[in-house]
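**Q** Residues per chain, in single letters:
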Amino acid sequence: MADQTLPIPGSLRATPSRGAALLEWLHGWVVTVDHKKLGILYVVYAIFFLLVAGAEALAMRIQLAVPHNHFLGPETYNEFFTMHGTTMVFLVGMPILFGFANYLVPLMVGARDMAFPRLNAFSFWLTAFGGLLLYFSFVGGFGLYGMGAAPDVSWWAYAPLTAKAFSPGHNTDYWALSLIVMGFGTLGAAINTLATAFSMRCRGMTLFRMPLFVWLMVVTSGLTLITITPLTAAQIMLTIDRYLGGHFFDTQAGGSATVWMHFFWIFGHPEVYVLILPAFGIASEVIPVFSRKAIFGYPVMVAASVGIAFVSVTVWAHHMFTIGMTSVSNSFFVLSTMMVGIPTGIKIFNWIATMWGGKIRFATPMLFATAFLFQFLIAGLTGIMLSVAPWDWQLHNSYFVIAHFHYTLTGSFVFCIFAAIYYWYPKATGRMLSERLGKWHFWLFLIGFHITFDTMHFVGILGMPRSIYTYEADRGWNTLNMIISAGGLVQGIAVLVFAWNLIHSYLHGKVAGNDPWDAWTLEWSTPSPPPVYNFAADPVVRSRRPLWDIKHPNDPDWKYEQ
Amino acid sequence: MFTIGAVPALAEGPQATPSIFAPASTPAHEIYGLSIFVLLITGSIFAVVAGLLTYVIIRFRARGPDAEHEPPQIYGSTQVELAWTVIPVLIVVVLFLTTARIIFAIQDAPEPKSALEVTVIGHQFWWEFRYPKLNIVTANELHIPASTRDAPQPAYLHLLSADVDHSFWVPQLAGKTDLIPNHPNDMWLDPRQPGLYLGQCAQFCGIEHAKMLIRVYVDTPQQFKAWVKNQQQIGVEDSAAAAGRQVFETQACVNCHTVVGTPAHGTFGPDLTHLMSRATIGAGAAANTPENLRAWIHDPGTFKPGALMPAMQLTDQQVDEILAYLSTLH
Numbered sequence: 000m001a002d003q004t005l006p007i008p009g010s011l012r013a014t015p016s017r018g019a020a021l022l023e024w025l026h027g028w029v030v031t032v033d034h035k036k037l038g039i040l041y042v043v044y045a046i047f048f049l050l051v052a053g054a055e056a057l058a059m060r061i062q063l064a065v066p067h068n069h070f071l072g073p074e075t076y077n078e079f080f081t082m083h084g085t086t087m088v089f090l091v092g093m094p095i096l097f098g099f100a101n102y103l104v105p106l107m108v109g110a111r112d113m114a115f116p117r118l119n120a121f122s123f124w125l126t127a128f129g130g131l132l133l134y135f136s137f138v139g140g141f142g143l144y145g146m147g148a149a150p151d152v153s154w155w156a157y158a159p160l161t162a163k164a165f166s167p168g169h170n171t172d173y174w175a176l177s178l179i180v181m182g183f184g185t186l187g188a189a190i191n192t193l194a195t196a197f198s199m200r201c202r203g204m205t206l207f208r209m210p211l212f213v214w215l216m217v218v219t220s221g222l223t224l225i226t227i228t229p230l231t232a233a234q235i236m237l238t239i240d241r242y243l244g245g246h247f248f249d250t251q252a253g254g255s256a257t258v259w260m261h262f263f264w265i266f267g268h269p270e271v272y273v274l275i276l277p278a279f280g281i282a283s284e285v286i287p288v289f290s291r292k293a294i295f296g297y298p299v300m301v302a303a304s305v306g307i308a309f310v311s312v313t314v315w316a317h318h319m320f321t322i323g324m325t326s327v328s329n330s331f332f333v334l335s336t337m338m339v340g341i342p343t344g345i346k347i348f349n350w351i352a353t354m355w356g357g358k359i360r361f362a363t364p365m366l367f368a369t370a371f372l373f374q375f376l377i378a379g380l381t382g383i384m385l386s387v388a389p390w391d392w393q394l395h396n397s398y399f400v401i402a403h404f405h406y407t408l409t410g411s412f413v414f415c416i417f418a419a420i421y422y423w424y425p426k427a428t429g430r431m432l433s434e435r436l437g438k439w440h441f442w443l444f445l446i447g448f449h450i451t452f453d454t455m456h457f458v459g460i461l462g463m464p465r466s467i468y469t470y471e472a473d474r475g476w477n478t479l480n481m482i483i484s485a486g487g488l489v490q491g492i493a494v495l496v497f498a499w500n501l502i503h504s505y506l507h508g509k510v511a512g513n514d515p516w517d518a519w520t521l522e523w524s525t526p527s528p529p530p531v532y533n534f535a536a537d538p539v540v541r542s543r544r545p546l547w548d549i550k551h552p553n554d555p556d557w558k559y560e561q
Numbered sequence: 000m001f002t003i004g005a006v007p008a009l010a011e012g013p014q015a016t017p018s019i020f021a022p023a024s025t026p027a028h029e030i031y032g033l034s035i036f037v038l039l040i041t042g043s044i045f046a047v048v049a050g051l052l053t054y055v056i057i058r059f060r061a062r063g064p065d066a067e068h069e070p071p072q073i074y075g076s077t078q079v080e081l082a083w084t085v086i087p088v089l090i091v092v093v094l095f096l097t098t099a100r101i102i103f104a105i106q107d108a109p110e111p112k113s114a115l116e117v118t119v120i121g122h123q124f125w126w127e128f129r130y131p132k133l134n135i136v137t138a139n140e141l142h143i144p145a146s147t148r149d150a151p152q153p154a155y156l157h158l159l160s161a162d163v164d165h166s167f168w169v170p171q172l173a174g175k176t177d178l179i180p181n182h183p184n185d186m187w188l189d190p191r192q193p194g195l196y197l198g199q200c201a202q203f204c205g206i207e208h209a210k211m212l213i214r215v216y217v218d219t220p221q222q223f224k225a226w227v228k229n230q231q232q233i234g235v236e237d238s239a240a241a242a243g244r245q246v247f248e249t250q251a252c253v254n255c256h257t258v259v260g261t262p263a264h265g266t267f268g269p270d271l272t273h274l275m276s277r278a279t280i281g282a283g284a285a286a287n288t289p290e291n292l293r294a295w296i297h298d299p300g301t302f303k304p305g306a307l308m309p310a311m312q313l314t315d316q317q318v319d320e321i322l323a324y325l326s327t328l329h
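Heads up: the protein sequence lines correspond to chains A and B, in order. Residue numbers for the first sequence follow numbering that gives the first Met the number 0, so the first one is 0 and each next one is one higher. Residue numbers for the second sequence follow numbering that gives the first Met the number 0, so the first one is 0 and each next one is one higher.
Heads up, some of the hints might be wrong.
[Unchecked claim] Derived DMTMM-like pairs: lysine to aspartate or glutamate, alpha-carbon spacing no greater than 25 angstroms straight-line: (1) A:Lys509 - A:Glu434; (2) A:Lys438 - A:Asp548; (3) A:Lys550 - B:Glu110; (4) A:Lys509 - B:Glu67; (5) B:Lys228 - B:Asp218; (6) A:Lys438 - B:Glu67; (7) B:Lys224 - B:Glu127; (8) A:Lys163 - A:Asp112; (9) A:Lys550 - B:Asp65; (10) A:Lys558 - A:Asp548; (11) A:Lys558 - B:Glu67; (12) A:Lys358 - A:Asp112; (13) A:Lys550 - B:Glu67; (14) B:Lys228 - B:Asp298; (15) B:Lys112 - B:Asp149; (16) A:Lys550 - A:Asp453; (17) A:Lys438 - A:Asp453; (18) A:Lys358 - B:Glu248; (19) A:Lys550 - A:Glu560; (20) A:Lys509 - A:Asp537; (21) B:Lys112 - B:Glu236; (22) B:Lys132 - B:Glu110; (23) A:Lys558 - B:Glu69; (24) A:Lys358 - A:Asp517; (25) A:Lys358 - B:Asp65; (26) A:Lys358 - B:Glu67; (27) B:Lys112 - B:Glu67; (28) B:Lys132 - B:Glu69; (29) A:Lys438 - A:Asp514; (30) A:Lys358 - A:Asp537.
[As the list claims (entries may be wrong)] Negatives, chain B to chain A, calculated, CB over 12 angstroms: (31) Arg100; (32) Val136; (33) Glu236; (34) Thr314.
No lab work stands behind these hints, which were simulated from the structure alone. Each residue gets a CB set at the ideal place from its N, CA and C atoms; glycine is no exception.
Just chain A, same shape as in the assembly:
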């Protein structure tokens, strides 16, 4: 007999039952330290909360569609806008960018995993449980009315509204604690990304041969270390105020409301760049491939990214032009804020120059990247308007500001995230997303986006402030608000098309092959999806576009790169 093993109770060879197989599969996802699986977990988690926070936004838009509406009460509205902001930044933006960093950075630098795989898993689960903690407040956060209450102090949570006297109950505590927990997860992910990019690169990949996406993730991660730290410190101070009798922000005991503002915006403004820089990274991968040209001015693109990071830590008080700073301080922050326009301007011009003389293929990823260019241009210009302090005294906290930052976060960041998902989904799943559904998704989302957020600029100029659950009927805002809400609905439909595309294509999509876009960076040299070990043999690169060199042996990049 061939079978010489000792008899063991139960059969080893028997196929496990369906339930057991499912359990085994789930267990695999829970205990994984593989950067690709963790990357997918981050992205799926973020998309789930994108749907949740999107639903909150739609509910708010129904409430505001007509004046004096009673769809949501003031408590619920205030909870929803607080949760919408907090969710989109911390449960959608941060996880999805670190999801892409996780999945792509090792593949792009020719590594077999992140530098610290266990820290990687730990970071993800901290982020995940932090998010659940935040949402548990809907059930467990005893609010004013003795029932479950989500945080309702706005996502910038200005003191002293967060003091015990004005926010009794536990909802503010859920907010502070979950941000502390998620903050540590984020710090772990940032350190891991930095370590991977700096110490795990394959042979021949010098820092100046890293794909721009990796560069941007390095800058983002560095900025994350700078921004999350003051946020976490501020949350700890707030918790000390609320439970240990501290007086950092307790104005009734001589604390300072403005200290909170400084802490929050020293986090909050660079945070915007933490979110937008990965979008730049995505655009810098997608635009060259679909224009069939090398990125224009790679060294300047790197320098501009690092420059943005440096300038971004000097601009925070442009959120505080209305708090009564001196005219000299106001002028300083006007200048520093306007200076951001210089490196970002360079980037826009370089992207256009990359497309110039190319042969542009408008597949879905490129459609999203092109729309990003237009929208980011407008976001930058409205940013210049807001940096003009006197004008900001009018525009601050109006719907104009809402329009501006949704142009950056939705029109730029989310559009690039969609581009990235259409671009790298074939790599992660082995199947193409449907181009037909992709085009529906793109056009519906584009149209809905512009209906909503273009209109918001105008209602802001007409004097409508943010954070209000209802408004007077005689202010001349009624029609505009109805239009904004209608656009929200169109965006909602587009996102459903997208979700359907993700599921449908996973089961029935066209098989992708290794390199469906005829691209140039290392991840496309692996099978789709890549095996656990990524590369069978360690790759060796001689230029920024290793696959171009292989595809064009007579005309390789390394002959020309500066």
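Chain A is already provided as a structure; the job is to place chain B on it using the hints.
**A** Just chain B now, with coordinates in the frame of chain A:
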């Protein structure tokens, strides 16, 4: 040469829509001029860049039999990149200098002797206005005189907060300034056209932030004088309302509200000495009609769920009597 001051003079009067592009006071007007200048510059940048982008999209779209061949690879150009670094730098310099000039002009404008001083105190969720030199205290509806070129009388507002952060914003009159506890701020307005200007709190301050509206009445000098005279009077005793006054003063009302000349001097809620001189109640939550006032006394949550004034569980008769009393406070 075109300068910012060249935009049309303060022709705009009060409007129902508080547009920042309908300025009716010097600070708002200077901001308006600056904003038009910035719009012109940013608009030109948009036209150039968006035009370029549109051209690239149309011109370099892959098409024809040649679409399969890779285009020539261009890796960069120092000269070109230097050009599109220097031009934005120049634009930033111009924008910054223009902006700084207006910041100093508005923020550091010296207060003239003729200025009317008003202390504005933000409360959850209403406004308290105190005129220290005139000995007047009122709420939610600010009265200031029109400031003419011959007799300028700007209003200087001293901004304080009793609880959390608020922000005073009447777009036609000036940019907003925050009211922050332990952090007094100042702002000024000098409206020319008499009338009613609308605004509201612009910093989220809690559950009823949306119903913390501001009404600024810009009066002619005569109207203002009459208003001041009336506000300085102590209410006339009206025997018909004695029962209501009795209820008002024996219930919790007096803990929060003041009626000058009576034992009521609470300070948590709006001063009611001249309640009937105001057009709205609840910081603009409802018109000041007997029916609304009655509903408000019965339960403020009818108009403003979350307002700090509780429903006092008064009987219908008590409500009627208090209403009768309040109706005498002209």
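**Q** For every hint, state whether the structure bears it out.
**A** Right, here's what the structure says about each hint:
{"no.": "1", "hint": "A:Lys509 - A:Glu434", "verdict": "holds (10 angstroms)"}
{"no.": "2", "hint": "A:Lys438 - A:Asp548", "verdict": "violated (32 angstroms)"}
{"no.": "3", "hint": "A:Lys550 - B:Glu110", "verdict": "violated (73 angstroms)"}
{"no.": "4", "hint": "A:Lys509 - B:Glu67", "verdict": "holds (22 angstroms)"}
{"no.": "5", "hint": "B:Lys228 - B:Asp218", "verdict": "holds (13 angstroms)"}
{"no.": "6", "hint": "A:Lys438 - B:Glu67", "verdict": "holds (23 angstroms)"}
{"no.": "7", "hint": "B:Lys224 - B:Glu127", "verdict": "holds (20 angstroms)"}
{"no.": "8", "hint": "A:Lys163 - A:Asp112", "verdict": "violated (46 angstroms)"}
{"no.": "9", "hint": "A:Lys550 - B:Asp65", "verdict": "holds (18 angstroms)"}
{"no.": "10", "hint": "A:Lys558 - A:Asp548", "verdict": "holds (10 angstroms)"}
{"no.": "11", "hint": "A:Lys558 - B:Glu67", "verdict": "holds (23 angstroms)"}
{"no.": "12", "hint": "A:Lys358 - A:Asp112", "verdict": "violated (35 angstroms)"}
{"no.": "13", "hint": "A:Lys550 - B:Glu67", "verdict": "holds (14 angstroms)"}
{"no.": "14", "hint": "B:Lys228 - B:Asp298", "verdict": "violated (33 angstroms)"}
{"no.": "15", "hint": "B:Lys112 - B:Asp149", "verdict": "holds (14 angstroms)"}
{"no.": "16", "hint": "A:Lys550 - A:Asp453", "verdict": "violated (44 angstroms)"}
{"no.": "17", "hint": "A:Lys438 - A:Asp453", "verdict": "holds (22 angstroms)"}
{"no.": "18", "hint": "A:Lys358 - B:Glu248", "verdict": "violated (83 angstroms)"}
{"no.": "19", "hint": "A:Lys550 - A:Glu560", "verdict": "holds (17 angstroms)"}
{"no.": "20", "hint": "A:Lys509 - A:Asp537", "verdict": "violated (29 angstroms)"}
{"no.": "21", "hint": "B:Lys112 - B:Glu236", "verdict": "violated (38 angstroms)"}
{"no.": "22", "hint": "B:Lys132 - B:Glu110", "verdict": "holds (15 angstroms)"}
{"no.": "23", "hint": "A:Lys558 - B:Glu69", "verdict": "holds (17 angstroms)"}
{"no.": "24", "hint": "A:Lys358 - A:Asp517", "verdict": "holds (13 angstroms)"}
{"no.": "25", "hint": "A:Lys358 - B:Asp65", "verdict": "holds (9 angstroms)"}
{"no.": "26", "hint": "A:Lys358 - B:Glu67", "verdict": "holds (9 angstroms)"}
{"no.": "27", "hint": "B:Lys112 - B:Glu67", "verdict": "violated (78 angstroms)"}
{"no.": "28", "hint": "B:Lys132 - B:Glu69", "verdict": "violated (80 angstroms)"}
{"no.": "29", "hint": "A:Lys438 - A:Asp514", "verdict": "holds (21 angstroms)"}
{"no.": "30", "hint": "A:Lys358 - A:Asp537", "verdict": "violated (33 angstroms)"}
{"no.": "31", "hint": "Arg100", "verdict": "violated (10 angstroms)"}
{"no.": "32", "hint": "Val136", "verdict": "holds (22 angstroms)"}
{"no.": "33", "hint": "Glu236", "verdict": "holds (37 angstroms)"}
{"no.": "34", "hint": "Thr314", "verdict": "holds (26 angstroms)"}
The structure is inconsistent with the numbered hints 2, 3, 8, 12, 14, 16, 18, 20, 21, 27, 28, 30 and 31, although it conforms to all the rest.
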